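Chains as they are written, first to last, in my numbering: chain A, 23 to 134; chain B, 179 to 290.
Quick caveat, the hints were computed from the structure, so don't treat them as lab data.
Just so you know, these numbers come straight off a predicted model, no measurement behind them.
Heads up, some of the hints might be wrong.
Every beta carbon over 12 angstroms from chain A, so not counted as near; a handful from chain B, in silico [unchecked claim]: (1) 183; (2) 241; (3) 245; (4) 246; (5) 252.
Pulled from the structure, derived: some chain A residues nowhere near chain B, Cβ distances all over 10 angstroms [claimed, not checked]: (6) 36; (7) 68; (8) 80.
With the Cβ distance kept under 10 angstroms, some of the chain B side facing chain A (calculated, not the full set) [to be verified]: (9) 269; (10) 279; (11) 290.
For each residue, glycine too, the CB sits at the ideal point set by N, CA and C.
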Amino acid sequence: SQTIHQWPATLVQPVGSPLSLECTVEGTSNPNLYWYRQAAGRGLQLLFYSVGIGQISSEVPQNLSASRPQDRQFILSSKKLLLSDSGFYLCATFKGSSYGYTFGSGTRLTVV
Amino acid sequence: GDSVTQMEGPVTLSEEAFLTINCTYTATGYPSLFWYVQYPGEGLQLLLKATKADDKGSNKGFEATYRKETTSFHLEKGSVQVSDSAVYFCALKNQGAQKLVFGQGTRLTINP
């Protein structure tokens with residue numbers, strides 16, 4: 023079965039600082055990978071998805087970027103964090119309808 | 179675009195009470211519908227799903243029926259337990275789409 027590792031679980035960063043959140047996947051190869059964000063009081067919003075190494079699709083314009091340097095590694099980054107980047111970030115995979123979506127445990131980011 | 183609306187939370191109930199969490203959706207075509215659950219400190223887990231009109235998804239005593247005429251997928255459980263305390267997300271995925279669209283989540287607390 024698939025397992026997603028996300029870290030850190032919580033993070034407090036000052037405005038203007040850089041960000042790097044990492045997600046790694048075990049138990050599958052060539053999965054679709056997703057970054058979702060949940061801002062306070064709002065639903066989960068898709069930020070980026072990737073169907074292969076180096077292939078990134080952005081759903082919404084924002085202060086963040088994503089990269090996929092390896093098949094099972096997905097990284098969310100920012101050069102300079104904004105207060106509005108605070109939220110709960112979830113990494114997910116999709117490996118066909120038989121497996122559905124698998125989610126990591128998430129990172130709660132607070133920008134101060 | 180596609181969207182999901184869930185009832186406002188938080189919801190607090192006593193053990194053995196009847197639970198309903200409302201979910202309605204707007205989508206083109208014929209989406210699949212899902213309920214995900216997030217227990218404290220964990221990632222999202224698929225609770226149940228339905229892929230076509232009048233399908234009933236069920237798991238762990240929870241049920242939801244895909245109602246195309248009312249564009250709804252309400253979550254129900256006849257007798258809740260303290261261990262059901264969690265955040266519940268309604269979601270849809272349209273055919274051929276790469277992403278899940280989530281509602282804002284409903285926090286459920288069950289008191290003994």
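Results of checking the hints against the structure:
no.: 1; hint: 183; in the structure: 9 angstroms, violated
no.: 2; hint: 241; in the structure: 19 angstroms, holds
no.: 3; hint: 245; in the structure: 21 angstroms, holds
no.: 4; hint: 246; in the structure: 20 angstroms, holds
no.: 5; hint: 252; in the structure: 17 angstroms, holds
no.: 6; hint: 36; in the structure: 25 angstroms, holds
no.: 7; hint: 68; in the structure: 5 angstroms, violated
no.: 8; hint: 80; in the structure: 12 angstroms, holds
no.: 9; hint: 269; in the structure: 8 angstroms, holds
no.: 10; hint: 279; in the structure: 8 angstroms, holds
no.: 11; hint: 290; in the structure: 26 angstroms, violated
Of the hints listed earlier, those the structure fails to meet are numbers 1, 7, 11, in rising order.
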